[in-house]
Amino acid sequence: MADVEAYSNYPFETPGPRPVVERLGQTHHQQPAATIPSMSSVARSLLPSKRRLKLDPSSKLYFPYEPGKQVRSAIKIKNTSKSHVAFKFQTTEPKSCFMRPAGAILPPGEEILATVFKFVEPPQNNEKPMEQKSGVKFKIMSLKIKIPTDYMPELFEEQKDHVSEEQVMRVVFLDPENPNPMMEKLKSQLAEADAADEARKKAPDVISTGPKPIGEGLVIDEWKQRRERYLAQQQKGVDLA
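UniProt numbering numbers the first residue of the sequence shown as 1 and each following residue consecutively.
You may find that some hints are simply not true.
Here are the simulated BS3-like pairs of lysine-lysine, each with C-alpha atoms no more than 25 Å apart in a straight line [said to hold, decoys possible]:
1. Lys82 / Lys139
2. Lys60 / Lys187
3. Lys202 / Lys60
4. Lys95 / Lys76
5. Lys54 / Lys78
6. Lys201 / Lys78
7. Lys187 / Lys139
8. Lys54 / Lys202
9. Lys69 / Lys139
10. Lys185 / Lys69
11. Lys60 / Lys50
12. Lys95 / Lys69
13. Lys144 / Lys50
14. Lys139 / Lys78
15. Lys82 / Lys50
16. Lys54 / Lys160
17. Lys82 / Lys54
18. Lys78 / Lys144
19. Lys201 / Lys76
20. Lys137 / Lys185
21. Lys82 / Lys144
22. Lys95 / Lys144
23. Lys160 / Lys50
24. Lys54 / Lys76
25. Lys50 / Lys139
26. Lys69 / Lys137
27. Lys76 / Lys139
28. Lys60 / Lys76
29. Lys202 / Lys78
30. Lys146 / Lys54
31. Lys185 / Lys78
Ranges of calculated distance between the beta carbons of each label pair, as one might list FRET restraints [stated by the list, open to error]:
32. Pro108 / Lys201: 24 to 32 Å
33. Glu177 / Glu154: 37 to 45 Å
34. Glu184 / Asp150: 15 to 23 Å
35. Lys50 / Asp197: 28 to 36 Å
36. Pro108 / Ser58: 15 to 23 Å
37. Ala191 / Glu157: 31 to 39 Å
38. Met182 / Pro148: 36 to 44 Å
39. Pro148 / Arg200: 18 to 26 Å
40. Pro108 / Glu177: 23 to 31 Å
Think of the hints as simulated: they come from the structure by calculation, not from any bench.
Ideal placement from N, C-alpha and C gives every residue a C-beta, glycine not left out.
Using the sequences and the hints given, assemble the complete structure.
Encoded structure:
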């Protein structure tokens, strides 16, 4: 899919500095000492990069648990840096998840409410509802950019040495029939996201800084087929009873 990028190799490994080996008796004909990294530069390379984005929720994506259905989550992304920042979603399951938007450019202090769509697989065998564990993970990347720059996913590959991993988000299911603070917060965020989406539709002349959602149709068609199979299995069980 064009708007969703897959990733693997979890947990992610950040290459560290190579050990510096200095031979005794080094002569002036050998590699100059100036090329050897200083202790301060080595220490800086070991420190985690400063985050440019504030996420809400900070580390988990909450979804209502509705087997056989497409469900939604929401996350607020705010640029807390003094520069323009591009962000991008990645997921381990691009065939069953997509994001709107999958990426965008945020000016300093600006925020956006992104919506994440996921198909919830029906329980397997005798698995009880709400006990289903999702191995799906999402990763949010950021990149400091100079304006004017148009958003393109290729920016993250072209400038990969400057890309920061903001957060790896894991999926948590919520019982929609059981009122709780996280479920209420999710409903509020989704309502806010829907209102913002409607406002954009009523103002088509406003230029968006983010990419248009593309490639969603194929995912939704696949989800519809899965749901039809799930409902057929449910009906078959009723007929046999």
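Evaluation of the provided hints:
{"no.": "1", "hint": "Lys82 / Lys139", "in the structure": "holds (23 Å)"}
{"no.": "2", "hint": "Lys60 / Lys187", "in the structure": "holds (15 Å)"}
{"no.": "3", "hint": "Lys202 / Lys60", "in the structure": "violated (32 Å)"}
{"no.": "4", "hint": "Lys95 / Lys76", "in the structure": "holds (23 Å)"}
{"no.": "5", "hint": "Lys54 / Lys78", "in the structure": "holds (5 Å)"}
{"no.": "6", "hint": "Lys201 / Lys78", "in the structure": "holds (22 Å)"}
{"no.": "7", "hint": "Lys187 / Lys139", "in the structure": "holds (23 Å)"}
{"no.": "8", "hint": "Lys54 / Lys202", "in the structure": "violated (29 Å)"}
{"no.": "9", "hint": "Lys69 / Lys139", "in the structure": "holds (23 Å)"}
{"no.": "10", "hint": "Lys185 / Lys69", "in the structure": "holds (21 Å)"}
{"no.": "11", "hint": "Lys60 / Lys50", "in the structure": "holds (20 Å)"}
{"no.": "12", "hint": "Lys95 / Lys69", "in the structure": "holds (15 Å)"}
{"no.": "13", "hint": "Lys144 / Lys50", "in the structure": "holds (11 Å)"}
{"no.": "14", "hint": "Lys139 / Lys78", "in the structure": "holds (16 Å)"}
{"no.": "15", "hint": "Lys82 / Lys50", "in the structure": "holds (12 Å)"}
{"no.": "16", "hint": "Lys54 / Lys160", "in the structure": "holds (21 Å)"}
{"no.": "17", "hint": "Lys82 / Lys54", "in the structure": "holds (13 Å)"}
{"no.": "18", "hint": "Lys78 / Lys144", "in the structure": "holds (14 Å)"}
{"no.": "19", "hint": "Lys201 / Lys76", "in the structure": "holds (20 Å)"}
{"no.": "20", "hint": "Lys137 / Lys185", "in the structure": "holds (21 Å)"}
{"no.": "21", "hint": "Lys82 / Lys144", "in the structure": "holds (10 Å)"}
{"no.": "22", "hint": "Lys95 / Lys144", "in the structure": "violated (29 Å)"}
{"no.": "23", "hint": "Lys160 / Lys50", "in the structure": "holds (16 Å)"}
{"no.": "24", "hint": "Lys54 / Lys76", "in the structure": "holds (8 Å)"}
{"no.": "25", "hint": "Lys50 / Lys139", "in the structure": "holds (16 Å)"}
{"no.": "26", "hint": "Lys69 / Lys137", "in the structure": "holds (19 Å)"}
{"no.": "27", "hint": "Lys76 / Lys139", "in the structure": "holds (14 Å)"}
{"no.": "28", "hint": "Lys60 / Lys76", "in the structure": "holds (12 Å)"}
{"no.": "29", "hint": "Lys202 / Lys78", "in the structure": "holds (24 Å)"}
{"no.": "30", "hint": "Lys146 / Lys54", "in the structure": "holds (20 Å)"}
{"no.": "31", "hint": "Lys185 / Lys78", "in the structure": "holds (17 Å)"}
{"no.": "32", "hint": "Pro108 / Lys201: 24 to 32 Å", "in the structure": "holds (27 Å)"}
{"no.": "33", "hint": "Glu177 / Glu154: 37 to 45 Å", "in the structure": "holds (44 Å)"}
{"no.": "34", "hint": "Glu184 / Asp150: 15 to 23 Å", "in the structure": "violated (38 Å)"}
{"no.": "35", "hint": "Lys50 / Asp197: 28 to 36 Å", "in the structure": "holds (31 Å)"}
{"no.": "36", "hint": "Pro108 / Ser58: 15 to 23 Å", "in the structure": "holds (20 Å)"}
{"no.": "37", "hint": "Ala191 / Glu157: 31 to 39 Å", "in the structure": "holds (36 Å)"}
{"no.": "38", "hint": "Met182 / Pro148: 36 to 44 Å", "in the structure": "holds (39 Å)"}
{"no.": "39", "hint": "Pro148 / Arg200: 18 to 26 Å", "in the structure": "holds (21 Å)"}
{"no.": "40", "hint": "Pro108 / Glu177: 23 to 31 Å", "in the structure": "violated (42 Å)"}
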